[in-house]
Amino acid sequence: MQAFEYANPKTLQEALGLLGSSWGEADVLAGGTDLLGLMKEYIHTPKRVVNIKGIKELGGIEKTSAGVRIGATVTVAELLSSGLIKSQFPALIQAAQGIASMQIRNMGSIGGDLCQRPRCWYFRSGYGLLAMKDGKSLVANGENRYHAIFGRAPAYFVSASSFGPALIALGAKVKLASQSGTRELPVAEFFVAPATEDDREIALKPNEILTEILVPAETTRNATYEVRQKEALDWPLATASVALKMDGGKVRSAEIVMGHVGPTPVRAPKAARSLTGKTINETVAEKAAATAVKGARPLSQNAYKVQLAKAAVKRALLRAVS
Amino acid sequence: MKTEISVTINGEAHTHEVEPRLLLIHYLRDVVGLKGPHIGCETSICGACTVAVNGKAVKACTMFAVQADGAEILTVEGLAENGKLHPLQEAFWNEHALQCGFCTPGMLMTAKELLQRNPNPTEEEIRHGLEGNLCRCTGYQHIVSAVKAAAARMGG
Numbered sequence: 001m002q003a004f005e006y007a008n009p010k011t012l013q014e015a016l017g018l019l020g021s022s023w024g025e026a027d028v029l030a031g032g033t034d035l036l037g038l039m040k041e042y043i044h045t046p047k048r049v050v051n052i053k054g055i056k057e058l059g060g061i062e063k064t065s066a067g068v069r070i071g072a073t074v075t076v077a078e079l080l081s082s083g084l085i086k087s088q089f090p091a092l093i094q095a096a097q098g099i100a101s102m103q104i105r106n107m108g109s110i111g112g113d114l115c116q117r118p119r120c121w122y123f124r125s126g127y128g129l130l131a132m133k134d135g136k137s138l139v140a141n142g143e144n145r146y147h148a149i150f151g152r153a154p155a156y157f158v159s160a161s162s163f164g165p166a167l168i169a170l171g172a173k174v175k176l177a178s179q180s181g182t183r184e185l186p187v188a189e190f191f192v193a194p195a196t197e198d199d200r201e202i203a204l205k206p207n208e209i210l211t212e213i214l215v216p217a218e219t220t221r222n223a224t225y226e227v228r229q230k231e232a233l234d235w236p237l238a239t240a241s242v243a244l245k246m247d248g249g250k251v252r253s254a255e256i257v258m259g260h261v262g263p264t265p266v267r268a269p270k271a272a273r274s275l276t277g278k279t280i281n282e283t284v285a286e287k288a289a290a291t292a293v294k295g296a297r298p299l300s301q302n303a304y305k306v307q308l309a310k311a312a313v314k315r316a317l318l319r320a321v322s
Numbered sequence: 001m002k003t004e005i006s007v008t009i010n011g012e013a014h015t016h017e018v019e020p021r022l023l024l025i026h027y028l029r030d031v032v033g034l035k036g037p038h039i040g041c042e043t044s045i046c047g048a049c050t051v052a053v054n055g056k057a058v059k060a061c062t063m064f065a066v067q068a069d070g071a072e073i074l075t076v077e078g079l080a081e082n083g084k085l086h087p088l089q090e091a092f093w094n095e096h097a098l099q100c101g102f103c104t105p106g107m108l109m110t111a112k113e114l115l116q117r118n119p120n121p122t123e124e125e126i127r128h129g130l131e132g133n134l135c136r137c138t139g140y141q142h143i144v145s146a147v148k149a150a151a152a153r154m155g156g
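Chains B and H, in that order, are what the protein sequence lines are.
Numbering (this note's numbering) for the first sequence: 1 to 322.
Numbering (this note's numbering) for the second sequence: 1 to 156.
Honestly, the hints are just simulated from the structure, not real lab data.
Computed from a prediction, not measured in an experiment: that's the story for all the values here.
From the three backbone atoms N, C-alpha and C, an ideal C-beta is built for every residue, glycine too.
Hints may contain errors.
[Unchecked claim] Here chain B is said to cover these stretches of chain H; the calculated rule only asks that three of the stretch's residues, wherever they fall, bring their Cβ under 8 Å from a Cβ of chain B:
#1 4–10
#2 43–52
#3 62–73
[What the hints assert, rightly or not] Cβ-to-Cβ under 7 Å is the rule here; a few derived chain B residues that face chain H:
#4 1
#5 3
#6 4
#7 6
#8 38
#9 93
#10 97
#11 101
#12 102
#13 106
#14 232
Same shape as in the complex, but just chain B (with noise of 0.2 Å):
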């Protein structure tokens, strides 16, 4: 791993003030589970680490008037305990469940989670974010089983966050400082799919920090399901989130979002609007769920996702109603 040089900053503002113009500058540590790997491989080679896990204000989950507020530092252990979050956020503690292994969950931050880079094979091995060689996308011509179905050149990787459709379903924000202020900004735009090279898939700026989400406070039902190869220590191969506004037993108004099948987490409109009226059942949520995977565009050893997004969407559904 390339030497740097650490800082324990006490405060957000020293922190922020310790951060660069751009990357490669310096970079955020929490727990460390992606950054560590990422310097391992000389990923990144920061000139310098900043520690926030010293600063106070960015831990702890709280009640808010508009919802619950949650710090960027907050472990995935403590989200899985926290009474708030399991009476409010089904869809939060499903997805937190599936994060493997609780010496991940002990370290692992929820900031972390939203910010940590893609698992893509070639980004992983020194091909850059968008595996291009001579003009010319890796993964679209390579090994691309474990890609994007719902991916758009030139970005072919699939957003690694667990907790990111979960809470855009649910409609949260993300709050990001800097030393010019701070700004708010919904989970649904904090990812984004990279035109080039030097983009990252992420609206954080180098000189940002991201300090809290903010969950509103509607009532929804709410539920999150994971297809995986294997129970442990992996990745899911497709995941669903769904939150439903309910009348009764009837569906007011829904919100879908698929995960680990695209460059962002992805949502489904369509599918989410036609359950509007509808009390959700095997065969209302089998049709949704085909709905939302209408518009895939699998890869040359990926068409198998496709089947696993829809059967995500569809028991994410029947999940949030049992």
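Guided by the hints, dock chain H onto chain B, whose structure is given.
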């Protein structure tokens, strides 16, 4: 540039100057000299390096030593008290929960937190709880039996 860290390991205070890029597992093994925590994959997969930091099981290969500054660390060497094996260690012995022993320190440290959180786990809960620790010898059955036996011994 080196950074000074102070940690308590198995009840003993240590202060060292370390390079920020030094992983906790290398610090424990090469600086402090505790060879109990093992290095398997060094990529967060195998769990052989598991130690408890402030009472929580973590993979010491995926943590910088500087992140542990001020922390209390427990390694497998600190499990036995006053020369008496921890009930988990005894159960691993009695139930033949190891062959080569490489994964054992990590298994013990993870199982310890598993039983703290859930003193009377089902077989499925044990298997789920140990998902971050790989064993290539036993096929896991004896490990699961050992954790069950330890739970019974500890009054779960």
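Taking the hints in turn, this is what the structure says about them:
For the stretch 4–10 of chain H, the stated coverage by chain B is violated: 0 residues have a C-beta nearer than 8 Å to a C-beta of that chain, whereas at least 3 were required. Under a criterion of three residues with beta carbons nearer than 8 Å to beta carbons of chain B, the stated coverage of the stretch 43–52 of chain H is upheld, 5 such residues being counted. A stretch counts as covered by a chain when three or more of its residues have a beta carbon under 8 Å from one of that chain; for the stretch 62–73 of chain H and chain B the count is 6, and the coverage holds. Annotation: interface hint on residue 1 of chain B holds; nearest CB of chain H at approximately 5 Å, less than 7 Å.
Interface restraint check: residue 3 of chain B against chain H, minimum CB-CB distance 6 Å, threshold 7 Å, status holds. Given the 7 Å rule on beta carbons, the hint for residue 4 of chain B holds: about 6 Å separates it from the nearest Cβ of chain H. Satisfaction of the interface hint for residue 6 of chain B is found here, the shortest Cβ-Cβ separation to chain H being roughly 4 Å, below the 7 Å cut-off. Of the supplied interface hints, the one on residue 38 of chain B is violated, with its beta-carbon coming no nearer than about 11 Å to a beta-carbon of chain H, more than 7 Å.
Taking 7 Å as the C-beta cut-off, the interface hint given for residue 93 of chain B is violated, the closest approach to chain H being about 15 Å. Of the supplied interface hints, the one on residue 97 of chain B is violated, with its beta-carbon coming no nearer than about 9 Å to a beta-carbon of chain H, more than 7 Å. Annotation: interface hint on residue 101 of chain B holds; nearest CB of chain H at approximately 3 Å, less than 7 Å. Taking 7 Å as the C-beta contact cut-off toward chain H, the hint placing residue 102 of chain B at the interface holds, the least distance being around 6 Å.
Interface restraint check: residue 106 of chain B against chain H, minimum CB-CB distance 4 Å, threshold 7 Å, status holds. Residue-level restraint check for residue 232 of chain B holds (minimum Cβ-Cβ distance to chain H is 4 Å; threshold 7 Å).
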